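**Q** Now for the letters of each chain:
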Amino acid sequence: MLTVEQNEELTQVGPGTPMGELLRRYWYPIAFEQDFDDVFTKSVRLLGENWTLFKTPKSGRYGIVAEACPHRRASLTYGVVHEDGIRCGYHGWKWDFDGTCLEQPAEADNQNFRDRVRQKAGKAEVMGGMVWVYVGPDPAPELPRFDVFVMDGVKDCGYATLPCNWLQIMENSVDPHHVEWLHGQYFEFLGQTQGFDAPKSFQKKHIKTGFDEMEWGILKRRVLEGSTEENDDWKIGHPLVFPYFMRVGGAGIDQMQIRVPIDDTTTWKLFYSNHAPQGAEPADQARPVFYEYLWRDEQGRHITDYIEGQDVMAWVSQGPVTDRTQEHLGRSDAGVAMLRKMFKENMKKVANGEDPIGTVREKHDRIDLPCEKDKFGAEREFAEAWITLGSSRYSPIKQDLLDLHNRAWANREKSSASS
Amino acid sequence: MSDLPPDPHRLPDQGEWFSADAERHLLDRPKFCPMCGEDLEADGGITTEYWAGDTRNFMTWCGDCGWFGEVVRFDMVTIQEEEH
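Chains as they are written, first to last, in this note's numbering: chain W, 171 to 589; chain B, 51 to 134.
Worth flagging that the hints you see were computed from the coordinates, not collected in a lab.
Remember, it's a predicted structure, so these values are computed and weren't measured experimentally.
No residue lacks a Cβ here, since even glycine has one placed at the ideal position from N, Cα and C.
Treat the hints with care, since some could be wrong.
Label-pair restraints from in silico Cβ distances [stated by the list, open to error]:
| # | chain 1 | residue 1 | chain 2 | residue 2 | range |
| --- | --- | --- | --- | --- | --- |
| 1 | W | Met384 | B | Asp125 | 32 to 40 angstroms |
| 2 | B | Glu88 | W | Asn576 | 58 to 66 angstroms |
| 3 | W | Val320 | B | Glu131 | 49 to 57 angstroms |
| 4 | B | Pro84 | W | Arg286 | 48 to 56 angstroms |
| 5 | W | His347 | B | Lys81 | 53 to 61 angstroms |
| 6 | W | Tyr248 | B | Leu61 | 41 to 49 angstroms |
| 7 | B | Ser69 | W | Ile406 | 54 to 62 angstroms |
| 8 | B | Thr105 | W | Ser586 | 31 to 39 angstroms |
| 9 | W | Asn282 | B | Lys81 | 38 to 46 angstroms |
Chain W is faced by these chain B residues, among others (derived, beta-carbon under 7 angstroms) [said to hold, decoys possible]:
| # | residue |
| --- | --- |
| 10 | Pro62 |
| 11 | Gly65 |
| 12 | Ala72 |
| 13 | Glu73 |
| 14 | His75 |
| 15 | Leu76 |
| 16 | Leu77 |
| 17 | Ala92 |
| 18 | Gly94 |
| 19 | Tyr100 |
| 20 | Thr105 |
| 21 | Met109 |
| 22 | Cys115 |
| 23 | Trp117 |
| 24 | Phe124 |
Derived contacts from chain B toward chain W, CB cut-off under 7 angstroms, selection only [claimed, not checked]:
| # | residue |
| --- | --- |
| 25 | Pro84 |
| 26 | Met85 |
| 27 | Cys86 |
| 28 | Gly87 |
| 29 | Thr98 |
| 30 | Arg106 |
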């Protein structure tokens, strides 16, 4: 339970807010490379502000500036993209990648005027088929090259825009017990009443859970009924990657769950997976496959007969911003309390001029994150459930993914039979 | 007698189902760090209340000294006896 002021402080992400200032110290995916196949500009919204994302026609360099031109506030998304910046379509004021004003065609060539106006600008780079942006203060950190985005394999990513604050989604990531209930008992109830088999591996009871603060956020561990601390779920665990990811995986699948704070009541939620099961060579892939997953039916009811649909129901039904003055936490919510402390701690670091946790300043090729390989002790069932009972059910390459895993499994069985 | 200054802390609407619990949280949460004694709120600290059995537990972080632990309110000290 929190006070009204603490709830607001933790959930407001706009410019000048303590959380907004903290969140602006990180890079965010905000579009797909393929979005720019036919156009050079796109309006995007991030952290409560509207931006124009653009790509130069020849060099393919990306830039991001605030959408409203400082002249008369028209949208720069309807501007002309040059190799050195973007020109407003309304009166031709031209801005470079850093927001410096290069030209004001209808004004006398007066350096003073150009120097007195500046456009808000960030940085943009491509990784893993997505366009990532940084809209915080200089010097910008390096874009962290987390393993899932750069490893070899078949990449498949579902996305949707959800009408809720990103923090209540993050709190789900340090709440291990919900798996046993939401994806276990509730899923079983649906299966029995609607006539399908819900996966049993999610129904296992939790014997012990643990949370460690680590360099990227919070490492989550669990011991399930029938397992011990020697199993991956405890020995390795998986991390909540501060401030807006969760890394999960198992059975040859690695995934980053991404929660981009669009504004106080909207989150862009992506499930970015890499499939590389041992025993099968994945086909070459020019680009990741991106698709929208459904979470509401035509009547407006939540679709809850798949894993992520159940999570979305829990997040969205808490309201646009969860009223934490009305919550009643228990001991099993200790991870949630720990996460809130981590946010406060890092807000204070930023206020003191320090880098928050997870800031990367060194050039690097890849950042490997700890993650279970054997998940819930249910390898083959886990991979099948992931694809057929997860958001990948909406993937245009769903069958290809199933075939890849089945092929890998068959090859591994053949190989162990002959050895 | 002069009027009290306005309460700087806001509460949820009285009509809310759990407004009494929210009021108690505001009144009962730790105000000062158990380690350094500094004002928890003024130094950017946080205390999250959760319940366990009959106790009200406040997981608390002090923004000044970094102390991270729990402050527990209880009406009766109870001891769960181990098997013996």
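**Q** Now tell me, hint by hint, if it's right for this structure.
**A** Taking the hints in turn, this is what the structure says about them:
1. Distance hint for methionine 384 of chain W and aspartate 125 of chain B: a CB-CB separation of about 38 angstroms, consistent with the stated range 32 to 40 angstroms.
2. Range check, glutamate 88 of chain B to asparagine 576 of chain W: about 60 angstroms between beta-carbon atoms, so the 58 to 66 angstroms window is met.
3. Range check, valine 320 of chain W to glutamate 131 of chain B: about 55 angstroms between beta-carbon atoms, so the 49 to 57 angstroms window is met.
4. Separation of proline 84 of chain B from arginine 286 of chain W is about 53 angstroms and conforms to the stated range, judged on CB atoms against 48 to 56 angstroms.
5. Under the hint 53 to 61 angstroms, the C-beta atoms of histidine 347 of chain W and lysine 81 of chain B, about 31 angstroms apart, miss the expected range.
6. Evaluation of the 41 to 49 angstroms hint for tyrosine 248 of chain W and leucine 61 of chain B yields a pass: the beta carbon distance comes to about 46 angstroms.
7. Between serine 69 of chain B and isoleucine 406 of chain W the beta carbon distance is about 44 angstroms. The supplied range of 54 to 62 angstroms is therefore violated.
8. At about 52 angstroms, the beta-carbon gap between threonine 105 of chain B and serine 586 of chain W misses the expected band of 31 to 39 angstroms.
9. Taken as a hint, the range 38 to 46 angstroms is violated for the pair asparagine 282 of chain W and lysine 81 of chain B, whose Cβ atoms sit roughly 53 angstroms apart.
10. Below 7 angstroms, beta-carbon pairs count as interface contacts, and proline 62 of chain B has one with chain W at about 5 angstroms; its hint therefore holds.
11. Interface hint status for glycine 65 of chain B: violated, as the beta-carbon distance to the closest one in chain W is roughly 12 angstroms, over 7 angstroms.
12. For alanine 72 of chain B, the interface hint holds, since its Cβ comes within 7 angstroms of a Cβ in chain W; the closest pair sits about 4 angstroms apart.
13. The closest approach between the C-beta of glutamate 73 of chain B and any C-beta of chain W is roughly 9 angstroms, which is over the 7 angstroms cut-off, so the hint fails.
14. For histidine 75 of chain B, the shortest C-beta to C-beta distance to chain W is roughly 5 angstroms, which falls under 7 angstroms, so the interface hint holds.
15. This hint holds: leucine 76 of chain B has a C-beta 6 angstroms from the nearest C-beta of chain W, less than the 7 angstroms allowed.
16. The closest approach between the C-beta of leucine 77 of chain B and any C-beta of chain W is roughly 11 angstroms, which is over the 7 angstroms cut-off, so the hint fails.
17. Contact between alanine 92 of chain B and chain W, as hinted, is not supported at the beta carbon level, the nearest pair being about 12 angstroms apart and thus beyond 7 angstroms.
18. Taken as an interface hint, glycine 94 of chain B checks out: its beta carbon lies about 4 angstroms from the nearest beta carbon of chain W, inside 7 angstroms.
19. For tyrosine 100 of chain B, the interface hint holds, the least distance from its beta-carbon to any beta-carbon of chain W being 4 angstroms, beneath 7 angstroms.
20. Violation of the interface hint for threonine 105 of chain B is found here, the shortest Cβ-Cβ separation to chain W being roughly 10 angstroms, above the 7 angstroms cut-off.
21. Taking 7 angstroms as the C-beta contact cut-off toward chain W, the hint placing methionine 109 of chain B at the interface holds, the least distance being around 4 angstroms.
22. The beta carbon of cysteine 115 of chain B comes no nearer than 12 angstroms to any beta carbon in chain W, farther than 7 angstroms, and the hint placing it at the interface is violated.
23. For tryptophan 117 of chain B, the interface hint is violated, the least distance from its beta-carbon to any beta-carbon of chain W being 11 angstroms, above 7 angstroms.
24. Violation of the interface hint for phenylalanine 124 of chain B is found here, the shortest Cβ-Cβ separation to chain W being roughly 14 angstroms, above the 7 angstroms cut-off.
25. Interface restraint check: proline 84 of chain B against chain W, minimum CB-CB distance 15 angstroms, threshold 7 angstroms, status violated.
26. The criterion of a C-beta within 7 angstroms of any C-beta in chain W is not met by methionine 85 of chain B, whose closest approach is roughly 15 angstroms, and the hint is violated.
27. The beta carbon of cysteine 86 of chain B comes no nearer than 15 angstroms to any beta carbon in chain W, farther than 7 angstroms, and the hint placing it at the interface is violated.
28. At about 18 angstroms, the closest approach between the beta carbon of glycine 87 of chain B and any beta carbon in chain W exceeds 7 angstroms, and the interface hint on this residue is violated.
29. Taking 7 angstroms as the C-beta contact cut-off toward chain W, the hint placing threonine 98 of chain B at the interface holds, the least distance being around 4 angstroms.
30. Look at arginine 106 of chain B: its Cβ only gets to about 9 angstroms from chain W, farther than 7 angstroms, so that hint breaks.
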